[in-house]
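Undergrad: The hints should help you fit chain X onto chain G, whose structure is shown.
Each protein sequence line maps, in turn, to chains G and X. Sequential numbering of the first sequence, starting at 1, is according to this note's numbering. Sequential numbering of the second sequence, starting at 1, is according to this note's numbering.
Just so you know, the hints here were simulated from the structure itself, not pulled from any lab data. There could be a bad hint or two in this list.
Pairs involving identical chains hold if they fit within one copy or between any two copies, as the list cannot separate such chains.
Said to hold, decoys possible - Cut-off 27 Å, straight-line C-alpha distance, at most; resulting in silico cross-link-like pairs (DSSO-like, lysine-lysine): (1) K266 / K383; (2) K173 / K469; (3) K9 / K52; (4) K266 / K463; (5) K463 / K9; (6) K98 / K9.
Chain by chain, the residues:
There are 2 protein chains.
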Amino acid sequence: MASTLIRGKYVITSPKADGSDLLTDGAVLEENGFIQDVGAFEQLRQRHPDAKEMGGNQYIVLPGLVNAHHHGNGLSPLHLGVPDGPLEPWIVQRMGSKPVDIYLSAAYAAIKLLQSGTTTVMLNQSAGAAARLDEDSQAMLGGFRDAGLRVCYSLGYRHQNRIVYEDDATFLKRLPAEVSRAVQVILDAGHIPADEYFRFYDRIIPALTEERDRVRVAMSPSNLQWCSDGLLRDIKAYATSNKLPIHMHLLETVYQKEYALRTFGKSAVAHLADLQFLGTDVSIAHAVWLTEADIRMVADSGTQVCHNASSNLKLQSGIAPVQPLLSRGVTVALGTDSMSLNDDDDLFQDMRLVAQLHRNSGLDSTAPTADQVLTMATVNGAKATGFEHEVGRLLPGYRADIVLLRLDRIAQSPIDEVAGPVEALVYLADGRDVDTVMIGGQVVVQDGRVTSLNREEIAARLKENVSQKPTAEEVRKADVIAEVIPYIKEFYREWATYDLQPHYRYNSRA
Amino acid sequence: MASTLIRGKYVITSPKADGSDLLTDGAVLEENGFIQDVGAFEQLRQRHPDAKEMGGNQYIVLPGLVNAHHHGNGLSPLHLGVPDGPLEPWIVQRMGSKPVDIYLSAAYAAIKLLQSGTTTVMLNQSAGAAARLDEDSQAMLGGFRDAGLRVCYSLGYRHQNRIVYEDDATFLKRLPAEVSRAVQVILDAGHIPADEYFRFYDRIIPALTEERDRVRVAMSPSNLQWCSDGLLRDIKAYATSNKLPIHMHLLETVYQKEYALRTFGKSAVAHLADLQFLGTDVSIAHAVWLTEADIRMVADSGTQVCHNASSNLKLQSGIAPVQPLLSRGVTVALGTDSMSLNDDDDLFQDMRLVAQLHRNSGLDSTAPTADQVLTMATVNGAKATGFEHEVGRLLPGYRADIVLLRLDRIAQSPIDEVAGPVEALVYLADGRDVDTVMIGGQVVVQDGRVTSLNREEIAARLKENVSQKPTAEEVRKADVIAEVIPYIKEFYREWATYDLQPHYRYNSRA
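The shape of chain G in the complex, shown without the other chains (with noise of 0.2 Å):
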């Protein structure tokens, strides 16, 4: 049997909140796909005398990053030709943009994942029509499993309140008669039966039983405005008979908070709560807007929380009260949204961000440590994406999902003498310091370069395809959508214009 033998000046080999375990020279080995001893080096490599080696002492070795909120798309909207701003005009702005062909953007998102240090990925695709299901996930699935990721594939489904958070067809009388039209064919078009995403689901999980080993499969409704109450409970339902998670997007910004209570009385999380949707099985990304009560809740339900700091940020949502949630113990996990900081999917990046943007102020605040912020990236979002107690940690019996990144850069300082590698690799490093990633034991990045899919191929052809002249019909659709955006703008003229008590404080008006 191949085994290989990693080797670091640092093994990261278990992130915790309260401080990373961790080798100085150390490694691990990989066989047959799985971690099978890990420990100092010179222990190793006499255990194992047949093992190839890989690696080195300018090498930090850390488990792959877990991405826990991902939309597969490769092109950021802002590529695209919509710039970031808020979001409930944003969404519908994004309706209106040039399709994508699915298959090339979600390879060139896996790539620009893996080549970053990324190697799960919550997968959460945005369903299309009704007709295209299974060719759409197919394509998505398809780019990320030619690339070798390990995703959680969930297909997020919504069947109201698309354009504003009322009913549909109330909202478009607000519309003058042809833009209305226009709008119920786009509505139409996209109009998905509920028992057609439940079949969807029916013929998804034994699809992907055979490819279990890398993708697992959770259930998503959209978001609490976007879903019936029948819809929910009847996906709570599915989801507990088939032993699925549930990921959802959850009061992402302050008129999603605004919707719960001028429509149960209650606050979103409070409403769920009644519904008897929480639980350890369900994982909410964004929760800007939990109130403390709220953060209670989930904590007493043990939902996780999915972060999403760089695309809160871009979409003028807000900045999520992380620090609240860890202090109650709430497993919190990262993700970017497909809006990274730098709009290249780099989660180490953005886990920077997230150690610098909840130092709230003043003397008495906490702040996230390097230690925190990893342990979200790695242990936390292998909960959330299924695959908890397989990958995160390299331990014995976990997947050999691993990470080696280069020293050179972070080196010239002489940091390791004076902090950790755990500090080092949070506050200093980028995703152009990964030198190689392995996924289950096969390396799919060497020398800082996808093996697996050529980028260079799949960008151009991704740049070609989005280059191409926009059909009459793709231009008549831009041009409804933006003629409704000033009545969207206007109707939440009136929403959330109350004063606000601020979980952090960073700035003050008197």
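TA: Quick look at chain X alone, frame taken from chain G:
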């Protein structure tokens, strides 16, 4: 006369908040350190047939960036074993960290700045001991001179409230007698009589005149709580009569806000207005805790603000109200404070942080545009550093401080077709994309490598310098400092505990 024609696919000639001026397939002609001509490449090529050529179609050409607040530190405190944390204890902890060779530290800082496209720096050195003022300033200036950077040199000075924001003698009484005596020794060693500060400027103003092309001089009372009213009046008078700008820290933390309220019964800005200290010659760094009334006074007096986004996050200071400042028409420049997002002094990365950090939630909120952010990091920085109308733009008569950025990474996406090059460089580029840097017509970075100094050699010497075993005296000093920290935290326990109304709303407790 040797001249150089610098060509770019895009040439950003004049950053402007409401839309920068730029050329497609443009060029600038450098001669004798100045820009002599700007226009379409083909026309310039014809007009200047003898000029040698640089750049080409794979570059964005832009003005060198200006870092308007920097302390000349090549290693961040993190590198020296002082982790990021709230300013008040952190700044005292820094007094106990290992001293670093000033020349090597400055040279390494300058290398990092150059390599990431910064060409002008507000170099704010903290005054050490009275007897070493000349020696220390020569070492600092020497590092930047050898690198070839343009600087505005200012010596930061303080003479009171140096451990906490109360009289040193009063605070010392809070300490155990032995600790108190040891701290007194440390304070005495760093004491510089005010007249020494002015005599230093008497010497340095004429001494630096011959370097005036590259070096400007500013005065720098460190911060309000560290300077008496008399000293502030004297500095203002001296600066006015010598036509020097003034650069000072102000309202970096909530405790500095509180100090002014407790001491003067009014805000720090109102007190400076009473002293007739504010004005177009003054730039204030940080300005995190400006109230709405403060912002009006800053705007009305023409005082400039230097925003240090990454430093303010790292030191848990807060987030400056940049949007209210911009909407009042205040000139805002950018600095890294030797505490950049990635601890590498890459202002591209800090520009991106600024572009994303001030995206206040809500549909009515505005976000800084890429053009606004680039203007802060060029034109506005030029003003703050005393080089207004000399650097920050690529126009005839300006100094030839020019950055050539490779389009490779950016061009992998179609962004240059759907967004502008300014968006591309603010949202996607970073210092590693910098290919060539020219300052005053001299090439100081070529193929991404600094040519004026040897990075590896300086890094190795710096590493050796800080790796030396601390002396017995240094160990004693660090021990004393460690004993003082709990008293500092105790001192501020009752300070600034009231509720605050934030400028921005990012989340909500209720």
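Undergrad: All the hints need checking, so say for each whether the structure fits it.
TA: Hints versus structure:
1. K266 / K383: neither (29 Å within a copy, 52 Å between copies)
2. K173 / K469: neither (33 Å within a copy, 76 Å between copies)
3. K9 / K52: Classified as within: same-chain Cα gap 17 Å, cross-chain 48 Å, threshold 27 Å.
4. K266 / K463: neither (46 Å within a copy, 58 Å between copies)
5. K463 / K9: Intra 40 Å, inter 19 Å, cutoff 27 Å: inter-copy only.
6. K98 / K9: Between copies only: 26 Å across, 47 Å inside.
Of the numbered hints given earlier, the model fails hints 1, 2 and 4; all others are met.
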